[in-house]
Amino acid sequence: MQTTMSKPQSSGPEALTSEAERQIAAAWAGVKDHLPGPAPLTARREAAFRRFEAAGLPHRRVEEWKYTDLRALMRDAKPLAQPPGEIGTVRARAAGAVLAGVDVRRIVIADGVLLKEASDLADLEPGLSIGSLADALGSGDAEVTSRLGAQSPAEKDVAFALNTAFMGDGAVIRLAPGATVARPIHLVFCFTGPVPATVFTRSLVEVGAGATLTLVESHEGPDAFDYQVNTALDLVVGDGATVDHVKIGTEGSAALHVATLTAALGRDVTFRGMVFAIGGAAVRNQLFVRCDGAHTNLMLAGATLLKGRQHADATLVLDHAIGGCQSRELFKGVLDGDSRSVFQGKIVVRPDAQKTDGKMSSHALLLSETAEADHKPELEIFADDVVCGHGATAGALDEDLKFYLMARGIPRKEAETLLIQSFVGEAIDTVAHEGIREALSAAATRWLEARQ
Amino acid sequence: MSLLEIKNLQVSVEDDRQILRGVNLTVNPGEVHAIMGPNGSGKSTLAHVLSGKDGYAVTGGEVLLDGADLLAMEPDERAAAGLFLAFQYPMEIPGVATMTFLRTAMNAQRKKRGEAELSTPEFMKRVREEAAKLSIDPEMLRRPVNVGFSGGEKKRNEVLQMALLQPKLAVLDETDSGLDIDALKIAAEGVNRLRSPERGMIVITHYQRLLDHIVPDIVHVFFNGRIVRTGGKELAHELEAKGYADYEQEVAA
Numbered sequence: 001m002q003t004t005m006s007k008p009q010s011s012g013p014e015a016l017t018s019e020a021e022r023q024i025a026a027a028w029a030g031v032k033d034h035l036p037g038p039a040p041l042t043a044r045r046e047a048a049f050r051r052f053e054a055a056g057l058p059h060r061r062v063e064e065w066k067y068t069d070l071r072a073l074m075r076d077a078k079p080l081a082q083p084p085g086e087i088g089t090v091r092a093r094a095a096g097a098v099l100a101g102v103d104v105r106r107i108v109i110a111d112g113v114l115l116k117e118a119s120d121l122a123d124l125e126p127g128l129s130i131g132s133l134a135d136a137l138g139s140g141d142a143e144v145t146s147r148l149g150a151q152s153p154a155e156k157d158v159a160f161a162l163n164t165a166f167m168g169d170g171a172v173i174r175l176a177p178g179a180t181v182a183r184p185i186h187l188v189f190c191f192t193g194p195v196p197a198t199v200f201t202r203s204l205v206e207v208g209a210g211a212t213l214t215l216v217e218s219h220e221g222p223d224a225f226d227y228q229v230n231t232a233l234d235l236v237v238g239d240g241a242t243v244d245h246v247k248i249g250t251e252g253s254a255a256l257h258v259a260t261l262t263a264a265l266g267r268d269v270t271f272r273g274m275v276f277a278i279g280g281a282a283v284r285n286q287l288f289v290r291c292d293g294a295h296t297n298l299m300l301a302g303a304t305l306l307k308g309r310q311h312a313d314a315t316l317v318l319d320h321a322i323g324g325c326q327s328r329e330l331f332k333g334v335l336d337g338d339s340r341s342v343f344q345g346k347i348v349v350r351p352d353a354q355k356t357d358g359k360m361s362s363h364a365l366l367l368s369e370t371a372e373a374d375h376k377p378e379l380e381i382f383a384d385d386v387v388c389g390h391g392a393t394a395g396a397l398d399e400d401l402k403f404y405l406m407a408r409g410i411p412r413k414e415a416e417t418l419l420i421q422s423f424v425g426e427a428i429d430t431v432a433h434e435g436i437r438e439a440l441s442a443a444a445t446r447w448l449e450a451r452q
Numbered sequence: 453m454s455l456l457e458i459k460n461l462q463v464s465v466e467d468d469r470q471i472l473r474g475v476n477l478t479v480n481p482g483e484v485h486a487i488m489g490p491n492g493s494g495k496s497t498l499a500h501v502l503s504g505k506d507g508y509a510v511t512g513g514e515v516l517l518d519g520a521d522l523l524a525m526e527p528d529e530r531a532a533a534g535l536f537l538a539f540q541y542p543m544e545i546p547g548v549a550t551m552t553f554l555r556t557a558m559n560a561q562r563k564k565r566g567e568a569e570l571s572t573p574e575f576m577k578r579v580r581e582e583a584a585k586l587s588i589d590p591e592m593l594r595r596p597v598n599v600g601f602s603g604g605e606k607k608r609n610e611v612l613q614m615a616l617l618q619p620k621l622a623v624l625d626e627t628d629s630g631l632d633i634d635a636l637k638i639a640a641e642g643v644n645r646l647r648s649p650e651r652g653m654i655v656i657t658h659y660q661r662l663l664d665h666i667v668p669d670i671v672h673v674f675f676n677g678r679i680v681r682t683g684g685k686e687l688a689h690e691l692e693a694k695g696y697a698d699y700e701q702e703v704a705a
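Top to bottom, those sequences are chains A and B.
The first sequence begins at 1 in the working numbering and counts up one residue at a time.
The second sequence begins at 453 in the working numbering and counts up one residue at a time.
Worth flagging that the hints you see were computed from the coordinates, not collected in a lab.
Careful: at least some of the hints might be erroneous.
As the list claims (entries may be wrong) - With a straight-line cut-off of 20 Å between C-alpha atoms, the simulated SDA-like cross-links for lysine to any residue are:
| # | chain 1 | residue 1 | chain 2 | residue 2 |
| --- | --- | --- | --- | --- |
| 1 | B | K563 | A | T417 |
| 2 | A | K402 | B | P490 |
| 3 | A | K402 | A | E426 |
| 4 | B | K564 | B | P546 |
| 5 | A | K413 | B | Y659 |
| 6 | B | K505 | A | R412 |
| 7 | A | K359 | A | G389 |
To be verified - Rough simulated footprint, nothing fancy, chain A against chain B, three-plus residues with beta-carbon under 8 Å:
| # | segment |
| --- | --- |
| 8 | 460-472 |
| 9 | 495-508 |
| 10 | 517-529 |
| 11 | 550-557 |
To be verified - Here are some of the chain A residues that sit facing chain B, going by a computed Cβ distance under 8 Å:
| # | residue |
| --- | --- |
| 12 | D103 |
| 13 | A396 |
| 14 | D400 |
| 15 | L418 |
| 16 | S422 |
| 17 | F423 |
| 18 | E426 |
All C-beta atoms, glycine included, are put in the ideal place defined by N, C-alpha and C.
Please model the entire structure based on the sequences and the hints provided.
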């Protein structure tokens, strides 16, 4: 256990060559003895950091990160965020306005800290418990520590490993078997400043067998402020449960945001996931989803709207470990200016996963000559009785459709807006909750109206 | 003043091939003109150029709608000025509900003309009334524009739009194509209801069949990019009997 200590701390392994990597190593050295959690977790943190140390930040020669070179994107690593002060807390209370008007239970996580006083923790529905990760780790909650991403292939991923190494706080939500929570839970993540910093948050959501939950995350921070977010959510869904997960990315214009979702789904689960990405300078959403039980029904959607020099990456690994499941993936990107979207979708069908039915599609709408869309669909099929397919398109707005609308008196810009709305609308429409769906549509409309 | 004046209109496509070779046509309020001609004669090009579709270069001539320079306007401005093109192949627009499309179009035109937007109840009332006249199922209006519609339903949807937008000049491009006789009758009845002393129409067709149902005042024979003959409605019957062979010989000579 102590062998790692024999390495000289100052020089570091050769993989850590960039400024950002050296700063991360220095931050680790300064903080590792103060991070919460029992001994087994400390060992896992250490092991996770070693993975980073051995590989460095992911870069373009790492296949999974080919189109999002994190080492190049991170010129430096900001210092670890401090808990929000008075002004930060005021800002945090106003965050999450993207869902204003929707009746949700708000859990506020500002600068990496769950703010109980700013969260709706009263009158929890029967079967529902909500706490902070810091409390769970501090009290040595063995169930929590054992569940945190332990079984996930995501552990190999260096960005996720860094999250495991540095994680301090986040939400821990448990829903008892059979419980139904109609009011969506909204995890309001925000960065409040006052100086650019790095925020690590980690949350765990366990949904018991037959339970029903709608979970929304929103992420935001000030514009023109180069803060860095590494956030992760582990989702464990019991047999027969129904879970809707919506992640709304509205980070500030200079932010770097890396998010990992790991989901382990039981049998007969209905899971609908939506990644809505509109903010941030560079964003990576990676989803590691595993179907561990039969007859699970999965819908994963994405809607991305980018302009300027924004970069957004959605990388999905869907692992069909057991057969008889159905999965649908629909990712849509609207790209203006010099922006770039990346979709990497990998569907793995293991030898035992017969009768898997998977369909994946990604579509990009290019509004400018200089925007770029990269699609990389992958099917790894080891079973012989499956139906799996994928499709990808990238193109400009259909001029004939635009002419048809204009010939009816609709001005050019309005015609374009209508067509773009209908393009992303197909993905947004997969969100089951009406209020959340309308909030996403409204956010897309605001983005379109701000064009040009 | 004439409603529409087309004077010596000359149009090429992007590879410099000339399609329209000096079209002259005057439509007065209340008149229904038919333009008949064989495939490739330039009839549909005329419709597209009038409505402002990209991909055509006007190399000569002018077009006035109510005295205004039509060719200087964007397609949406032409629509607001009172021009309506019923498409030969109406577009399918996935994700845009027909109702949203109709309301956006009506209000965009009203806005451009300085009129107030229609209230929701007023809009719904008009759509329901006009749809009922065309035997359009209200369920169809909730579906995306033309998606999954039959050929007949698409053409009825065009006539519905025309009825709601109340244009000064309607150009019907091969409205009969792809329709069986029943669908044709419904569409034609819809068009006939819109005939009025203030409104002009240009009915473009290959066959005389449509003109049994929308009886024109004036018939033009379109050949090789221009109008080569003009007559009364009996001209349509003559063309049906004799075809366009005579004109081919004239051009060859």
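A quick look at each hint next to the structure:
Our distance criterion of 20 Å between C-alpha atoms is met by K563/B and T417/A, whose separation comes to about 17 Å. For the hint pairing K402/A with P490/B, the CA-to-CA distance comes to about 29 Å; that exceeds 20 Å, so the pair is violated. Only pairs whose Cα atoms come within 20 Å are accepted, and K402/A paired with E426/A is accepted, the gap being roughly 18 Å. Pair hint K564/B plus P546/B does not hold up; C-alpha atoms about 26 Å apart against a cutoff of 20 Å.
At most 20 Å may separate the alpha-carbon atoms for a hinted pair to count; K413/A and Y659/B exceed this at roughly 38 Å. For the given pair, K505/B sits about 12 Å from R412/A by alpha-carbon distance, which is consistent with the 20 Å threshold. With a C-alpha separation of about 5 Å, the suggested pair K359/A and G389/A falls inside the 20 Å cut-off, and the hint holds. Chain A is given as covering the segment 460-472 of chain B, and this is violated because 0 residues of the stretch bring a CB closer than 8 Å to a CB of that chain, at least three being needed.
Under a criterion of three residues with beta carbons nearer than 8 Å to beta carbons of chain A, the stated coverage of the segment 495-508 of chain B is upheld, 4 such residues being counted. For the segment 517-529 of chain B, the stated coverage by chain A holds: 3 residues have a C-beta nearer than 8 Å to a C-beta of that chain, and at least 3 were required. For a cut-off of 8 Å, the count of residues in the segment 550-557 of chain B with a CB near a CB of chain A stands at 4, and the three-residue condition holds. Hint status for D103/A: violated, given a least beta-carbon distance of 25 Å to chain B, over 8 Å.
Residue-level restraint check for A396/A is violated (minimum Cβ-Cβ distance to chain B is 13 Å; threshold 8 Å). Annotation: D400/A was flagged as interfacial toward chain B, and the flag holds, the nearest CB pair being 6 Å apart, inside 8 Å. At a threshold of 8 Å, the smallest CB-CB gap from L418/A to chain B is about 6 Å, leaving the interface hint in force. Because the smallest distance between the Cβ of S422/A and any Cβ of chain B comes to about 3 Å, under 8 Å, the interface hint for this residue holds.
A cut of 8 Å between beta carbons decides the hint on F423/A: the least distance to chain B is about 7 Å, and the hint holds. Because the smallest distance between the Cβ of E426/A and any Cβ of chain B comes to about 6 Å, under 8 Å, the interface hint for this residue holds.
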